[in-house]
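Asks: Just need the whole structure built from these sequences, with the hints factored in.
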Amino acid sequence: MTSCYIGCSCNRVPYCADWGINNLLCFGTRNAVAVYEPRAYIGRVTHTLHRHRDRITTVHWIKPGNGVPESELLSGSADGSVIVWSRDRKNTFHCTSTLNAESPIIFADSLQLSSNPPTNACPKLLICTGSISGDVKVWLREESTDARLLQTIYFKNKLSLYCRLTRLPNSEHSLLAVSLEDASVLLYTAGLDAESDLEPIFVNVQRLVGHEDWILCMDFTEDKDGNLFLATGSKDSTIRLWKITETVEESRSNELKLESDNFVINHRQYNVTLESVLCGHENWIYGVHWQPVKTGSCQAMRLLSSSMDKTMITWEPAEIMDGMWTETARVGEVGGNSLGFYGCKFGPDGLHILAYGYQGSFHIWKYSQELDKWLPHPAPGGHFSEVVDLCWDLKGRFLITASTDQTTRIHAPWKDDSEELWHEIARPQVHGYDMTCLAILAPHMYASGADEKVVRIFTATSTFKNQLKSLANVEDFKSVKAHSAAVPSLGLTNKATYCEENDDNVENLVTENLYEPPTEEELMQNTLWPETNKLYGHGYEIFCMAARHDGKMLATACKSTTQEHSAILLWETNTWLQIQQLVYHQLTVTQMEFSPDDKFLLSVSRDRRWSLFSTIGENYELIAASSKKDNPHSRIIWCCTWTQDSNYFATGSRDGKIAIWSVSTIENVVPTMVLSMQNQSVTALCFAPNCITQGNYLLAVGYETGCIEIQKVNVIEKIQSKLLELDTSQAHHLTVKRLKFRPTDHFCDYLQLASCSSDCSVKIYNIQLSIST
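Mapping to the working numbering: the sequence shown position 174 is 159, numbers consecutive.
Please note that the accuracy of each hint is not assured.
What the hints assert, rightly or not - Restricting the straight-line Cα-Cα distance to at most 27 Å, the calculated cross-link-like pairs of lysine-lysine (DSSO-like) are:
id, residue 1, residue 2
1, K400, K75
2, K537, K450
3, K703, K584
4, K380, K537
5, K463, K480
6, K537, K519
7, K584, K697
8, K463, K519
9, K537, K454
10, K466, K480
11, K209, K351
12, K400, K450
13, K400, K725
14, K48, K228
15, K614, K544
16, K48, K109
Hints are computed from structural coordinates only; laboratory data are not their basis.
Replies: Following this line, the structure appears as structure tokens:
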């Protein structure tokens, strides 16, 4: 079982993403670290690393210092821990060092001290961490040992905001820059001699002033002459460049001296000067990054900056005047309802630049030498809040997900060299309420519910049809009429827009050879679906819904504490009229599901009961329900699912039990078998669409812990066996909200399972059917 798609977003904090020389992008996504591998058209997240217990606040690659690709990364979390992850030869990441700072981490940096460690040993590493307590801790990781605390630097009544580590020019001495809340930068230096047994102690040697507000970001680089440059970005919307050079100093003393603009350490004198002040942004500057210098190259220095004004700027030194820097390119967003950028990074080739914003989205621009301009490029993406529901297209062509980030998103596969790569192709709904549920009614139509009393219906556009045409067959999209959708200036509802040109002419422009996935800007602006209907009838916020497989009926339920409001409403999709109310439950219905043959409607509730309705004539009537006396569930029933043959259904509860019931003996209201999940709260269930053999079924189980299991269940012999188990790094690290197998029209040697979770991620797994043998 392997993951073929991981859709996730970056945490909305600074210092939470880094692009290494190894051409891998690492970023924090909720409590885990994601590793993204860029490609020419569509990249993919290859790993999610979970060991932290709270939100990731800082992530970066550990630079070896000798120009080789990085093999270690460092992550810090609000749980007060810092972890060093090391990659082995099998391309697997392992936790090799753990630091406990005892208070939430805000920033962290590292400096590798040994470039050639012994075999099977980790390089010697210097790590500095900053937390909400305001101090900076310095740690040392010896080779093949865990890190230990060397020093704690206090700043009296001032808070530290950020720090960076590097080496002094032409020296093995470490240099630490710390920005404080008084808009100053303190420089600390320490020597670390490999032959000495003395511990390195950082001593303050210089204070840099000039900014008028907090300094939020800093970065070091060296020029071709060996001079050290420090870039500082501030909330005063300016960037200051500081130049640190070594000067000739005859000194007999080996002691450190402090002067106005100079400091001396070990007979070496260094001078600190203000090189330039860069003014171009109109809001807080959250990110600065120097273009990585390739070993042995004479490339010009370039600085990248990002701001809350939604722009990124590249800066280069002017050829005419020494010390003068000019803006060479500016990219970003115009308009929209998003905030600005939290950070920026150069790609390792210098031809890509990346920014990430408040909504967790990445923005990548690629430099076109033919056009001599920066062009938007596809980037990783996903929901930036809890993903609560997902649903497959009836033919499995795409997956649609809903989240409390108030959006629904569509994900689809694209085959490149026989490899299936998934990506987001549309964002049909951007709502004003947190989403709670959705259901597919037809290939071009879905219903959604949110924290409001209204059910909304959306239909696809010809723009989406053309996008999907290059990926799959769209012959059943004949009823699509609207060209696109937009939100009026004074409205809140997506309105359809129509194009006078023939849609066939537009379709002819889309071919597989020219296909590129949409960029973040295109997803936000051009992929809305028009809203066609609103369904009123519930007294409280919509909580769950289900659609019949023929698309002719929709069932909805809302939050409730009374039997009156716990009723299930049935809607006829041709007229959108309410045709029936199904009253049984006393509390909120948590999930509903129609049987594959559409003869039954199953519902489970917070009242610890399930109910089964059957079609009698044109209506659904209650034929069975669990009783208090013989009910195997003693806690809330969160989920339910049907077997493909409609003979059995399963219910999963917070009490850690899964009950499987037979429709043929439902009058007895006694479960066919009960599976004990060792007191793990079961939050999601799904039977595989194909039976293995007679009486055997594959059941996917999702837990509140985030783990996922594949169980083989024999309902005749009442035997269960665990086939697969995915831990919190392979599956999810927070509650699994929904599991769905991908529908397939033909038999293949593997199944695909989609899952969504409270950890803001959507994942799709390939399951080899050989595991059943």
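Asks: Would you mind confirming whether the straight-line C-alpha gap from K463 to K519 stays at or under 27 Å?
Replies: Roughly 23 Å between the alpha carbons, so the hint for K463 and K519 holds.
Asks: Check the hint pairing K537 with K454 against an upper bound of 27 Å on the C-alpha distance.
Replies: holds (25 Å)
Asks: Are K703 and K584 close enough, with their CA atoms no more than 27 Å apart?
Replies: holds (26 Å)
Asks: Starting from K400, check that the Cα of K725 is at most 27 Å away, please.
Replies: This hinted pair holds, its Cα atoms lying about 22 Å apart.
Asks: Mind checking the alpha carbons of K463 and K480 for me, to see if they're no more than 27 Å apart?
Replies: holds (20 Å)
Asks: With a cut-off of 27 Å on the C-alpha distance, tell me whether K584 and K697 pass.
Replies: holds (26 Å)
Asks: Holds or violated: K537 and K519, Cα atoms, limit 27 Å.
Replies: holds (16 Å)
Asks: Run the distance test for K48 versus K228: straight-line Cα separation, threshold 27 Å.
Replies: holds (22 Å)
Asks: Given the hint that K466 pairs with K480, does the C-alpha gap stay at or below 27 Å?
Replies: Given pair K466, K480 holds - Cα atoms ~13 Å apart, limit 27 Å.
Asks: Would you mind confirming whether the straight-line C-alpha gap from K400 to K450 stays at or under 27 Å?
Replies: Distance ~18 Å between K400 and K450 Cα, so the pair holds.
Asks: Has the given pair, K380 with K537, been kept, meaning a C-alpha gap of at most 27 Å?
Replies: Holds - the C-alpha atoms of K537 and K380 are around 17 Å apart, at most 27 Å.
Asks: Is it true that the CA of K400 sits at most 27 Å from the CA of K75?
Replies: Measuring from Cα to Cα gives roughly 25 Å; hence the hint holds.
Against the hints set out earlier in the document, no violation occurs for any number.
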